[in-house]
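Residue numbers for the sequence shown follow our numbering, so the first one is 1 and each next one is one higher.
Quick caveat, the hints were computed from the structure, so don't treat them as lab data. Any given hint could be a false lead.
Have a look at the derived ranges for each label pair, beta carbon to beta carbon [what the hints assert, rightly or not]:
1) T48 with Q85: 31 to 41 Å
2) T116 with L7: 17 to 27 Å
3) R126 with N2: 15 to 25 Å
4) E113 with L4: 25 to 35 Å
5) P12 with F32: 15 to 25 Å
6) E108 with L6: 40 to 50 Å
Just so it is clear, CB atoms sit at the ideal spot from N, CA and C, and this is done for glycine as well.
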Amino acid sequence: ENELQLLLNRMPNLHTLELCLDEDEIEYKPFFNLKHNSIRCLDFAHYTFNREECEILIHSQLGQKCEVLMLSIKHLDDILQLINQLRNLRSLKIRLLQDEDSLLISSENELNEWLTLHLPSTCNFRIRKIILSFSCTFYVWIR
Numbered sequence: 001e002n003e004l005q006l007l008l009n010r011m012p013n014l015h016t017l018e019l020c021l022d023e024d025e026i027e028y029k030p031f032f033n034l035k036h037n038s039i040r041c042l043d044f045a046h047y048t049f050n051r052e053e054c055e056i057l058i059h060s061q062l063g064q065k066c067e068v069l070m071l072s073i074k075h076l077d078d079i080l081q082l083i084n085q086l087r088n089l090r091s092l093k094i095r096l097l098q099d100e101d102s103l104l105i106s107s108e109n110e111l112n113e114w115l116t117l118h119l120p121s122t123c124n125f126r127i128r129k130i131i132l133s134f135s136c137t138f139y140v141w142i143r
């Protein structure tokens, strides 16, 4: 077991886990294999997930128990995968970080339109802010 898992084992009543990971540590993702019975809130907002990492999170024990999730992503489609496959998920805080050369969403109106069109009817959302044209933060609540 890694050191983080050993530490979590000593905190049985922990409900929130916030990890600030270095983007350069691409090969080392300690959170994917973590197990804990009471963690329901995951804050990975300081790390940008790719599609493969979203898939791994979905199938992890922490992901399956997660009710509140905060993370950064590069592709809007990943939100749909998270919402549809994380059965206990109630709310998401998403930071969308698009590459400047492959923008899908460049304004709040476009993001609003995309979310309205693609999110399941069980979801509500609120756009918090758009910084420049390639970074935005928004919330999704799932009924």
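Structure-based check of each hint:
| no. | hint | verdict |
| --- | --- | --- |
| 1 | T48 with Q85: 31 to 41 Å | 19 Å, violated |
| 2 | T116 with L7: 17 to 27 Å | 42 Å, violated |
| 3 | R126 with N2: 15 to 25 Å | 36 Å, violated |
| 4 | E113 with L4: 25 to 35 Å | 40 Å, violated |
| 5 | P12 with F32: 15 to 25 Å | 21 Å, holds |
| 6 | E108 with L6: 40 to 50 Å | 44 Å, holds |
Checked against the numbered hints above, the structure breaks hints 1, 2, 3 and 4 and satisfies the rest.
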